[in-house]
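Protein sequences, first through last, are from chains A and B. Using the working numbering, you'd call the opening residue of the first sequence number 1 and step up by one each time. Using the working numbering, you'd call the opening residue of the second sequence number 422 and step up by one each time.
Hints were generated in silico from the structure; no laboratory data involved. Since we're looking at a predicted model, the values are computed, not measured. Glycine included, C-beta positions come from ideal geometry on N, C-alpha and C. Be careful, since some hints might not be right.
Claimed, not checked - Rough simulated footprint, nothing fancy, chain A against chain B, three-plus residues with beta-carbon under 8 Å:
| no. | segment |
| --- | --- |
| 1 | 478–484 |
| 2 | 492–499 |
| 3 | 553–562 |
| 4 | 656–664 |
| 5 | 726–737 |
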Amino acid sequence: MRSKSMLARLLVFTLCGVFLFGGAAFGADKVIKIGTLFPLTGPSAVSGQNCLNSLLAAVEVINNAHPELDMPLAAKAGLLDGYKIELVKADHQGKPDVAKSEAERLYNQENVFAIIGSYNSSATKPASAVAERAKKLFLCGASSSAALTERGYKYFFRHAPTDAIESEEFTDYISWLNKEKNAGIKTLGLFYENSEFGKHAADEAKKAAKEVGLEITADVPFNVGATNLSSEVQTLKAANPDAVFGAALGGDYSLWVRTMKQVNWLPKIAINYCTGYQNPAVQKELGADGNYFMGGMSFSPELAEKFMPEALVVQEKFYRPLANQPFDSDSVQEAVMLMILGQAIEKAGALDTEKVREILASETFVSPLSLSGEVAFAPGGQNIKALSVITQIENQKYNTIYPEKFKDSEVIYPMKPWDNR
Amino acid sequence: MKSKRSSTLWYAFLLAALALPFLPGGIGNTFHGHVLTMILLYASMAQSWNIISGYCGQISFGHAVFFGIGAYGAALAVVTFDSLPWYGVPAGAAAAAIVSVLISAPCFRLKGHYFAIATFATVEIFNRLFMIWDWVGGAIGLDYPILEDGWRNFSWSGTKNGYYLGALALFTLVFGIVRRIESHRMGYYLRAVREGQETAESLGVNSTFVKLSAMALSAALAALCGAFFAQYNYRVDPPMVMSLDMSMKFVLITILGGLGTFWGPLLGAAILIPLQEYTRAYLSHLGSGVDLMIFGLIIIVTMIKQPRGIMGIVHSLRKKPETPAASEEICEDREGER
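This is chain A alone, in the form it adopts within the complex (with noise of 0.2 Å):
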């Protein structure tokens, strides 16, 4: 009786041996494993996890046929001849040195065969510094640092417009409105989070200032969290500056938003990096607060509207349900690097590293989700086609003001007075 028994767990053992392993085994055989690295946790959270959202989205369209859609990969289920993406999400809390231990685990323990991301650009050096060690791809989405691309990396690919761009794009703007609105902007407030984003767009910022004449008449770094913001607002406020760049992310977006309505101040305009400013979840917080401020963007419902129909059905049947709010300009950009990263492998036809790489660097890629339609990387992993517009924020309906090609509404200038709304 008790041998029976024996057997019979032997046998339960065995069984469940078999499924468990034998299954993963043959199951990796058609499994691609993309490593993701963003802040899930820390004072980036909400972004990080739109971030992974959007990845989720995109491997929905990759693995699965959706003829309805009229976008490279979405026709056929899975990559090559049936081959799955299958996410290994790491957490790096908004810390370097997190994330280039992650990164690490990442290639060496999951053996995925690349990472996408970091979000914050102080994380995604380390973390790619991996990769290029390690000759493995990494792909960025949002990260805006312009020294990302300025390293002669091989192996890292960045989609997003970088800080320089945006500046330029800016000062730009500013020169548009003095020549065609009379504007006469002529003195600039910086104010931005003391942090590699910060620092670095407050360095581009400055550069380009010159260029057009633009007098900086105030630089307030903040710190990542604070609590209060009324010293760097009230020393804003003294400067009294035309136009202030703004970098602050997520809730010191608002905080700093909501500072200037208690002190009573605005400048003529605001414009913003890529921060708080265009995450749907913080001008829903916002309200009517955050109308008038404007920003750079390469992702809006509405501009999807126009130009990227198919984003907007991806965001709606995929993306929404994850995320309960429609896609913003930073998530959208991780999807997109997935899809590019999807094209380059089955442009290669296996998996190899080199390859893709090759592929990556050298070939113009379809890509409906982004602004431009289409992505190509320089030497160094720039994408050479990024598009950013500026938009306004009216009711949380982001008007696009400039350039003119992209233009739907006419700018609300200056800024309406906090006790004039």
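Once you have looked at the hints, place chain B on chain A.
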């Protein structure tokens, strides 16, 4: 005087740790190798803090400053001066020792909580200072270029063996110094100051000199750990190294392991670091901070159950089957650990 058992344990541990990378399936480029390296690094950091706070009783929350200075020493040598990190390491350690004396000399006039609060403030001051100091990279920090692998650059990409052995050397140095201090006259002076500064002074101990020396030594060793940290992460910026978060790691590991004990920092690191790394690696994808909750819960439970840390638990376990011989041994060990 060290007990024979304590010495055997120390050398056996070092031998086993040294043999690890050479065993089949040892360190390689595994995540476990990373965790082991971090255990040795954080144990060394905690032990350096233990000198001034555990043995000498001066609770410092400012060690991230010295750790950061060491990190910047190595990084400046590599990034700014395009040189080898080895030149920056002693410079960083010396700078940290000097800064620690300059900060501590006025702060040591304060006692207890007031001293702790003063050191707390130094972290914020240095963090802001380094954030706006362009020569050290400001908020952008210093990023390492891709260096050739090997001991010359203290940089490896294909294996963790070099980093592990480097961390083991650091561990041996820091723990070796503390081991020597424990049975040296300096160790007795430190403990005398901790137990009662006035009493120690009445017996002829120059408490100011003892505290400043301990702080300088502690800061220099913390700086060496900082240099290792920068080399390991290819980057340094103020939030990474000069933050209250980093200062708390020095404190937490030592208190969890056992404040003022020789093995406490190692035990604290051996519990906290794997917990932190593995929960993050395998639970963080849930995206809800479950890893951080579990991490916090274990610390709370341990501290409620045994405020003297893990060494307290070890002692209480060793107490139970007490025989005359065993109790004699425990007393002997405690002598060394006090």
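Structure-based check of all given hints:
Against chain A, the segment 478–484 of chain B contributes 0 residues with a C-beta closer than 8 Å to a partner C-beta. That does not satisfy the three-residue criterion, and the hint is violated. Check on the segment 492–499 of chain B: 0 of its residues sit with their Cβ under 8 Å from a Cβ of chain A, so the three-residue criterion for coverage is violated. Residues of the segment 553–562 of chain B lying with their CB closer than 8 Å to a CB of chain A number 5, which satisfies the three-residue condition for coverage. Counting residues of the segment 656–664 of chain B whose beta carbon lies closer than 8 Å to any beta carbon of chain A gives 4, which meets the minimum of three for the stated coverage.
Judged by the Cβ-Cβ criterion of 8 Å, the segment 726–737 of chain B is not covered by chain A as claimed, because only 0 of its residues qualify and three are needed.
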